[in-house]
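Trainee: Listed below, chain by chain, are the residues.
Number of protein chains: 2
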Amino acid sequence: MAASDTLLANAIRALAMDAVEAANSGHPGMPMGMADVATVLWTRYLKFDAADPKWPDRDRFVLSAGHGSMLIYALLHLTGHARPTIDDIKNFRQLHSPCAGHPENFELPGIETTTGPLGQGLATAVGLALAERHLNATFGDDLVDHRTWVIAGDGCLMEGINHEAIGLAGHLGLGRMIVLWDDNRITIDGAVELSSSENIAARYAATGWHTVACDGHDPADICRALDEAIADPRPSLVACRTIIGKGAPGKEGTSAVHGAALGPDIVAKTRLAMGWEPEAFEVPEEIAETWAAAGVRSRDVRLAWEARCDADAQGATFRRRMSGELTEGFTLKPYLDGLLANPQKLATRKASELVLGTITEQLPETVGGSADLTGSNNTKTKALQPLNRNDYAGRYVYYGIREFGMAAAMNGLALHGGIVPFGGTFLVFADYARPAIRLSALQNARVIYVMTHDSIGLGEDGPTHQPIEHLNSLRLIPNLDVYRPCDTIETAECWELSLQDATGPSLLALSRQNLPQLRTDASENLCAKGAYRLVAAEAPRRVVLVATGSEVELAVSARAQLEAKGIGADVVSMPCWSRFDAQPADYRRDVLPKDALIVSIEAGTTMGWERYTGLDGLRFGIDRFGASGPAPKLYDYFGLTADAIATKVAAALEN
Amino acid sequence: MAASDTLLANAIRALAMDAVEAANSGHPGMPMGMADVATVLWTRYLKFDAADPKWPDRDRFVLSAGHGSMLIYALLHLTGHARPTIDDIKNFRQLHSPCAGHPENFELPGIETTTGPLGQGLATAVGLALAERHLNATFGDDLVDHRTWVIAGDGCLMEGINHEAIGLAGHLGLGRMIVLWDDNRITIDGAVELSSSENIAARYAATGWHTVACDGHDPADICRALDEAIADPRPSLVACRTIIGKGAPGKEGTSAVHGAALGPDIVAKTRLAMGWEPEAFEVPEEIAETWAAAGVRSRDVRLAWEARCDADAQGATFRRRMSGELTEGFTLKPYLDGLLANPQKLATRKASELVLGTITEQLPETVGGSADLTGSNNTKTKALQPLNRNDYAGRYVYYGIREFGMAAAMNGLALHGGIVPFGGTFLVFADYARPAIRLSALQNARVIYVMTHDSIGLGEDGPTHQPIEHLNSLRLIPNLDVYRPCDTIETAECWELSLQDATGPSLLALSRQNLPQLRTDASENLCAKGAYRLVAAEAPRRVVLVATGSEVELAVSARAQLEAKGIGADVVSMPCWSRFDAQPADYRRDVLPKDALIVSIEAGTTMGWERYTGLDGLRFGIDRFGASGPAPKLYDYFGLTADAIATKVAAALEN
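Protein chains in written order, with this note's numbering: chain B, 1 to 655; chain A, 1 to 655.
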């Protein structure tokens, strides 16, 4: 006989309590409050097979309220996934346990996306749901036909990213996305009414969502609401009225159960009230079996899918795309040959548009977009038609003025698999998207950020629009490759590297202003090394001018002046710090020799460049906010001219 | 005879066209589209006196759609403000003109807040409006009784920050805040419907706002809507149906007029259609006089206010607070003496709470808050009662799970004057608030960020919650002082410095974990120098261990091990890079002498520390994402123990 929903849910509650108790750290309130909803979802609705958590057509489940991580660890374990084991759960929140404090997609295959930073799970789910519709339109119902489920708390709904995410989902008509809102009326500081008094359902409805409410502790009522959500063509918000920490006598329904162990007394009382007798971390056989059965509920569906995919004319292509491998035969060689034959003086944002022309033609897995700066970011090519509710097969998303929402959605597109997303905004607005860029890096998501207007070179828009600290602040993010190419060739090379790196995000910082084509050879992707000698000294080398992007041209001019004075100077182009840092020591020493004055030139903050110049080198840059004026005047005003640089370098050598 | 509203508005349109044409850069569409609304607002509703743009009881006007900067430059000029002059406007977007590409509060006294990064003007206005209510409750109707007006575009309303801002304003019942939405249905990429399909009025209504619509080109209808907005006790959204670039034949109503000069042909046609004959930058006398009259409309009101303020028992206090000067007699000496007499081993977040106890008692101008982490950030003291719609005299804001909204609102509180705001979240979520932190710095706003849980020392919550790159990424922001105190004494010193710096923001990075009190003397605020020798070497000095915050304790232990081996080592505590960088060269050389091995120790990214260690020094830190586990295990895992450090330092000296 199958165990009742309540018993199944109590197994979650018990595991959550036990794990938090053992760690003496964690969040029991949410798993206990949402146990009933999660039980209904995972035993009756969610399409998955515990034997293959990477089955491409599984439903995606996102625990946006990531602090309730014990909920998903309990669900994965109880449904028979290989991991986490009960020992993993016993090691909840311990070093090297896959059951980390918050769910990490790189720890357990059943975790679709890393959550914890509030609101982002939900916003990432928008990308997951959009990927489903896009791949469905591309590969058909036989191969792609699944839903995206989200559990979100009041925190997720209060964060600004929520507005951007639901605005996108409502606009794109992502009807297969269903958000289960843990409506427990409690935040960390106390009652929700301390800080908010909005009508959330009305707000979602205003944004094109279907909404329905249910008693989150009544399985039949939960089913009614989920059925209604599935039936409605709009994305759905299901307000699940719950009691946080449900079952914990004297503590349930208060913020006291949110983020700390209940303590042995309350745990004992809760067990007594639930009639739960097993030892800690033990699950009675009947309950365990019922849960295990839920884990194989969709096995036949999966096997039928595998057979369909094997038989499908597009099956191999679909599998290849889901594996992350780029379309075979992808090459930029003819494009590069064309540039060499016919050099172009172009802004790197324009050079990016050119190379994207051939990339988007060759790689149908690319899906582009911009946060309402399409004509400035140059992200739309001929091959890309709008992706919207009228044509999910399109490959260009008008993300609107939603930088953060775009970045989070791109994380979802990448994590779903089958898609290589890229999207644009101004570099200065990387700040708006920064929390999602960090999660791209943490999650090893191949997302390509196209950030144009990358310095004071944008001119008149002034300090609010001029990146100063942004390049270095982005270079600090682990596992993010920041590229700043100097010309058309480097732009193509950096795009190639970004596409080929399936293990993390890349960010291209591109100029608004025109730049000469400096490279005369493209036989090797030199950007792969992060930095390389672009021009070698003629006179005996005393100086190395290291520059990036638009300032490489400046370095070349300054070098000419130095050489004219008999001072030998190399020019090193350094499009990518992280790649250079990964080179062998002898390569790095060859590029930046100890016996030369190392000079950095970049129209951004100098703090950080000591890494390459040492304390004895010179650093040209801008250590204050920018100013409004025509770009050439600004370069002059901030001392970033070949004259000023050559003069100061020569003077430094004389001292 | 007074010129008609249409003629007044056309003067704005003409100046906007002329200035953008002269600069061949800028945004004519918005000023032309909103000229009629702005004319009605500034000639009939806005309380201001051009002779004293800093009059404390003026209405605040915020151009949240900052790209339409020519609108406010035209308004300030036409109403007779000393600046901008017509020459300033002729130099629109030129280096050193106060008429920068986007409005900058430090360029012109009539600009309340720097805008351009979309959504933030509106979110800052929430702080301005809240400041008004708080000061009204504190000082009474006689001294504080004004409104906050905002012009916002679709971009401001689409950004996530909009959700946080209106959520706060609706919850706090800021009925004196009125947002004039430039409802022109156009974004840069084209029609709004490309990227959004929400019912904005319904969304605002769901969030506790009053909404009303009007024809943005019909003065009578605009007046009707503004009257209704004023009458309603809720904050109001006035949807002004407008045509972007109104008046430009063939181009109005399209995104083509948004962000580029119209060109001489269209300008000529527009002038013809408007019947506008004057030369460029000229305004006919009758129109100029009518505008000038609007600039003195509230002069009597201001003079009456000045008289009331002079007579008011609290008038001098109010003026002192508005000047930014701290309450007289403020001192932390007794508090520091207490610490010296009775040393405390405390987390610096707890030390912060203690010192805030005396600060909030002594300084009624302080208004605290937290983004739903009150008990973790330790930001609430006994002196602070909740500030909400039932008690605007309260001094503690429950900002909700809205880090960005909190930061922007704090900018508004600071820019209004009379208030020194501080607010807390976890350091890792500085990323969520980063765009507003940058604007605190650019705007010279005294905002104090209380960022706790400042490293892997927070333990089990794992990589999504552990700051790694954050300290250095924040240190990169110009004009932001980042403090990381190591004990109770330094925490108090850093608070003192933050409060005393009226010219910019400060950020306190505070530990979750307990730290010993290392300082034994508090006769001088040593943090003022940014870094100082905490412990001097006993054996001949060969090493300087430079550390911050929780790692200073580590440095002290590592030093003891080195000294035991006969290796003399200083310990330098470096709570604030920017302050240290501002010290004279000889002081810096004394603290970090060239003849010693400089070693940095900080539980964050090492990239950037080369600035102090040089390339030959050692850098202990974490150059990857964190991990979930108990804090001591994490410190051990990442090699941040006294043993590991002392061993490596000793080995380096042997090489």
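Think of the hints as simulated: they come from the structure by calculation, not from any bench. There's no promise every hint is true.
Stated by the list, open to error - Label-pair distances were calculated between CB atoms; the ranges are: (1) 263/B - 342/A: 26 to 36 Å; (2) 307/B - 624/A: 41 to 51 Å; (3) 655/B - 306/A: 52 to 62 Å; (4) 652/B - 644/A: 33 to 43 Å; (5) 213/B - 213/A: 26 to 36 Å; (6) 308/B - 241/A: 31 to 41 Å; (7) 289/B - 648/A: 32 to 42 Å; (8) 289/B - 357/A: 52 to 62 Å; (9) 95/A - 590/B: 36 to 46 Å; (10) 648/A - 307/B: 25 to 35 Å.
Only a predicted model underlies this, so the values are computations on that prediction, with no experimental measurement involved. Glycine included, each C-beta is placed from N, C-alpha and C at the ideal position.
Trainee: Would you mind marking each hint as holding or not holding in the structure?
Mentor: Against the structure, the hints come out as follows:
no.: 1; hint: 263/B - 342/A: 26 to 36 Å; verdict: holds (31 Å)
no.: 2; hint: 307/B - 624/A: 41 to 51 Å; verdict: holds (42 Å)
no.: 3; hint: 655/B - 306/A: 52 to 62 Å; verdict: holds (59 Å)
no.: 4; hint: 652/B - 644/A: 33 to 43 Å; verdict: holds (38 Å)
no.: 5; hint: 213/B - 213/A: 26 to 36 Å; verdict: holds (30 Å)
no.: 6; hint: 308/B - 241/A: 31 to 41 Å; verdict: violated (52 Å)
no.: 7; hint: 289/B - 648/A: 32 to 42 Å; verdict: violated (54 Å)
no.: 8; hint: 289/B - 357/A: 52 to 62 Å; verdict: holds (57 Å)
no.: 9; hint: 95/A - 590/B: 36 to 46 Å; verdict: holds (41 Å)
no.: 10; hint: 648/A - 307/B: 25 to 35 Å; verdict: violated (58 Å)
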